[in-house]
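Protein chains in written order, with my numbering: chain A, 280 to 414; chain B, 280 to 414; chain C, 280 to 414; chain D, 280 to 414; chain E, 280 to 414; chain F, 280 to 414.
Certain hints may be false.
[To be verified] Think about it this way: if two alpha-carbon atoms lie no more than 25 Å apart in a straight line, the pair counts; the simulated BS3-like pairs of lysine-lysine are:
hint, chain 1, residue 1, chain 2, residue 2
1, E, K312, A, K369
2, E, K312, E, K369
3, D, K405, F, K369
4, C, K405, C, K312
5, C, K369, B, K405
6, F, K369, F, K312
7, B, K369, B, K312
8, B, K342, C, K342
9, D, K312, C, K342
10, C, K369, B, K342
11, F, K342, D, K342
12, B, K312, B, K405
13, F, K312, F, K405
14, C, K405, E, K342
15, C, K312, B, K342
16, A, K405, B, K312
17, E, K342, A, K405
18, A, K405, A, K342
19, B, K312, C, K369
20, F, K405, B, K312
21, A, K405, C, K312
[Stated by the list, open to error] Partial pick of chain C residues on the chain B-facing surface, computed with a CB cut under 8 Å:
hint, residue
22, C313
23, N315
24, T403
Quick caveat, the hints were computed from the structure, so don't treat them as lab data. All C-beta atoms in this analysis are idealised placements derived from N, C-alpha and C, irrespective of residue type, glycine included.
Number of protein chains: 6
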Amino acid sequence: MTVLVGRRESFNAAHQLCDPDLSDDENRRLFGKCANLHGHNYVLEVVVAGDVDPATGYVLDLKLLSDLMASQVIRDVDHRNLNTDVPWLKGCVPTAENLAQAIWERLRPELPDGLLRSVRIWETDKNWAQVGDGA
Amino acid sequence: MTVLVGRRESFNAAHQLCDPDLSDDENRRLFGKCANLHGHNYVLEVVVAGDVDPATGYVLDLKLLSDLMASQVIRDVDHRNLNTDVPWLKGCVPTAENLAQAIWERLRPELPDGLLRSVRIWETDKNWAQVGDGA
Amino acid sequence: MTVLVGRRESFNAAHQLCDPDLSDDENRRLFGKCANLHGHNYVLEVVVAGDVDPATGYVLDLKLLSDLMASQVIRDVDHRNLNTDVPWLKGCVPTAENLAQAIWERLRPELPDGLLRSVRIWETDKNWAQVGDGA
Amino acid sequence: MTVLVGRRESFNAAHQLCDPDLSDDENRRLFGKCANLHGHNYVLEVVVAGDVDPATGYVLDLKLLSDLMASQVIRDVDHRNLNTDVPWLKGCVPTAENLAQAIWERLRPELPDGLLRSVRIWETDKNWAQVGDGA
Amino acid sequence: MTVLVGRRESFNAAHQLCDPDLSDDENRRLFGKCANLHGHNYVLEVVVAGDVDPATGYVLDLKLLSDLMASQVIRDVDHRNLNTDVPWLKGCVPTAENLAQAIWERLRPELPDGLLRSVRIWETDKNWAQVGDGA
Amino acid sequence: MTVLVGRRESFNAAHQLCDPDLSDDENRRLFGKCANLHGHNYVLEVVVAGDVDPATGYVLDLKLLSDLMASQVIRDVDHRNLNTDVPWLKGCVPTAENLAQAIWERLRPELPDGLLRSVRIWETDKNWAQVGDGA
C-alpha cells in the first residue's frame, strides 16, 4: 500500500517579478504591481510517496526530509532576495511556478528514485504553484 | 513540465438545503438542520494546470484567473441567497457538490482547453466538495 | 493570581443588515451589499477570569462553559436566520456589535458574579466585535 | 461527473514512537525525541468520491460520513494513548503512516464499494500522511 | 456599553532591518539575518471602540474603516520596499514595533477622538507588535 | 509610547488531568475524559511591553525572547509527559491554567522588571488560558 507523506516548512523572502532584459514599462505591463520589490512568508510543502518500512512505520524519516529541505532550499532562500541572492534561481523570473520547478530539481536527485511526489509553494494563503501530482 | 496553480477567493452567502417540490417534513428528513436557512463563509479554490510561459514564468496570470472567478462566480454569489438569487443555480439544491459542479461549468468555457484542473468549495473548515482531479 | 480562560465555538447562520422600518433604498444606503440576505461561519469566543481552584486547576470547568454557550446561544442561532428566528435578537439589526452585546446579556446572569470578562464574535477572519475587556 | 467530498474531524491523543521489542537505546536511535511519550491535536480528513444523487445533491450525506468517522475511529482514539488503548492499533508503531493505513482499513468495509478515495492524518500543521489518491 | 470592533487587512512588502548610518558589520551584529533584504505577508489589525449607534448597530461602518486603512496605509506599503518606498517610514528601522507606531500616527487623526483603540502588525504567524491596549 | 510585542512557539506534549491523591473514580468525576492520558499541539504566546529602543526599533530582540522561551520552557516540555517529566510542574494538575501560571513564574525573573505582560497557552484552537493582561 503506497502512503504519501507531506512536510511543510516556511521561509521569508523578497522578490519582484521582472525580466532584467525588458524595460521598466514592459515589466510593469507584464507583471503589474508585482514588478515592484515586495516579499512573502512562503510555505513549501514537499510530498513523498512509497511503501511503509515495517520496522519504523515510516515512508521516510521526516527528520531526513526536513534536513534535506533545509540544506537544499531553506538556507539559500530564507531572509534573501530571490532575484539576486540565490544561485540556482539565476536567470528565471521568481514566480511561484518557477520556484516550485527549481525546488523540484534541487530535491529530486537527493531522494531515492520515485520517492518525490510533489513540491508546492504558497506565496500567500490565496495562491500557490505545484510540480508533480501531489495529494 | 506541467505545473499546477491554485487560487482561492471567498464569498459570504445564505443557503438552505431543500427541494421546493417536497414538503417541509420531507426536506427535514433528507437534510436535517441544513433544511433551515443559514449561511457560510465559502472559500472557492480553482486549480489550473499547464506549461509555464518562459517569458513570464506564469502558467496563467493569476490576475486573469482572479478576474474570471470574480466575473463568472463571486459577483453573482457574494452576499446573496444561493436558493433564490443566482440564475445559474436555479433548479438545484445548493449543496457544496452542486455548487462545485455549477462553478466548473461556469469557468471551463472561459479558459483555454484543458487548462482547468479542479474546482473546490469549502463550506466550513471541516467540509468541502470538488470537481476534477485537483492537486 | 487572576487567570483568564477562553473558549471558542462556531455556528453557521444567515443574516442581513436591514431595519424593517426603513425602505429598501434606505437600507441599501446604510448597509450596502450587507442589506442582502447572506451568511457566515460565525465564531464565538467567551473569556472568563478568576482564581484557579487548587483542587482542579480550573478557573471554570470548560465543559460547563461550553454547555452554557450551547444552551444559551448556539442552539438558538446555529443553522438559523438571525433576523427572524431568534427571539432574543428581535428588534435589533444583527450586526456583530449587536450580536456580541446580546450574547453578553445571555451569558452574564448564568455565570458567577464577575467571572465573565469578554464576548467576541467573528463574522469572518477579517472582522469581529467584542464586549468587555477581553485579553 | 465524479465529485469528491472531504470531511475533517479532530482528536487529541498521546503516542510515542517505539517498538516494544527493541531497547530504549535502539528506539532512541530510530525515533529520536519522538520515542518519548508526547501528544498531538490530530486532524483526520476522509475523502469520498462518486456521482451526485440528483434528489439530494449529495455524494454521501456528510452526517453519515461524520457518524462513521466517530464510531469507527474518533471514539476509540480521542483522549487516548495510541500505544496502549486502541485494539486496532496493537502491534504497530503509531506513526502517522500507520495510523492512516489502519483508519483506511477501519472505514473501507463500512462504505459502498469504491467510494473511499483517501484518508489523511495531520499530526501537526507541518506534517501529514495519507493513504489513497485524495484530491 | 462600549463595544470593540476589529478589522484585518493584509499586504505584501519587502524590508530589511538596518540603520543606514551603521556599517554592514554593525547592522549584522544588531539584526542578524534580518539585516538581509527579505519580506513578509503582513497582517494589519485595527481596533476601534465606542458606543453602538442604535440606528445602524455599528460602532463604525467597517467599510469606512477599511477604506481608511487602504488610503492611509495599504496603498502605500503593499508591494513595496518599506526601507525605501514609503515616505512616512523614512528615518526609522522598519521593525514591527516602528510600523505599528507609524500606522497609529497615520490613522489617529483620521478617526473621531478616542475611537482608535489599538493597531497590531503581524510579520508572521509567530510574531507581532501592537500600539494601544487592544482587546 | 508603550508597544507590546508577542511571540508564539509550539510544543507537543502528553498530559492527563488527574490528582494522584484521588481515586480513579474521583478523577473521572472531576475531569471526565481528560482524566485519560492524551496530548496536544500546544501553542505558547508570550507578550512583553515597553518602550522602543530608538537604535534598534525593538522593545526586545525577539531572538532573545525566543531563546528564553526555548531554554526556560520549550526544551523541558516538548515531546514530554507533563504529569511526570517536568520538574517545575510537579505537584500540580497540568491544566492550561496551571501551565500558564508555571510558565509565567519561569519567565518573569529572566526578563527586565515590568517587561512581561502576559503568557497564554492554547491547548487546541478552541481553548486557552492566560496570566496577565495581555493585549
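Each hint, compared with the structure:
1. E:K312 with A:K369: 21 Å, holds
2. E:K312 with E:K369: Holds: E:K312 and E:K369 sit about 22 Å apart, inside 25 Å.
3. D:K405 with F:K369: 31 Å, violated
4. C:K405 with C:K312: It holds: about 17 Å lies between the C-alpha atoms, which stays within 25 Å.
5. C:K369 with B:K405: With Cα atoms ~31 Å apart, C:K369 and B:K405 exceed 25 Å; violated.
6. F:K369 with F:K312: 22 Å, holds
7. B:K369 with B:K312: 22 Å, holds
8. B:K342 with C:K342: Answer violated: B:K342 to C:K342 is near 47 Å, above 25 Å.
9. D:K312 with C:K342: Distance of about 33 Å is beyond 25 Å: violated.
10. C:K369 with B:K342: The given pair, whose Cα atoms are some 43 Å apart, is violated under the 25 Å limit.
11. F:K342 with D:K342: 47 Å, violated
12. B:K312 with B:K405: 17 Å, holds
13. F:K312 with F:K405: 17 Å, holds
14. C:K405 with E:K342: Distance ~12 Å between C:K405 and E:K342 Cα, so the pair holds.
15. C:K312 with B:K342: Given pair C:K312, B:K342 holds - Cα atoms ~24 Å apart, limit 25 Å.
16. A:K405 with B:K312: Roughly 31 Å separates the two Cα atoms, so the pair is violated.
17. E:K342 with A:K405: Between E:K342 and A:K405 the Cα gap is close to 22 Å, so the pair holds against 25 Å.
18. A:K405 with A:K342: 28 Å, violated
19. B:K312 with C:K369: 21 Å, holds
20. F:K405 with B:K312: 23 Å, holds
21. A:K405 with C:K312: 23 Å, holds
22. C313: 7 Å, holds
23. N315: 5 Å, holds
24. T403: 5 Å, holds
Of the numbered hints stated above, those contradicted by the structure are hints 3, 5, 8, 9, 10, 11, 16 and 18, listed in ascending order.
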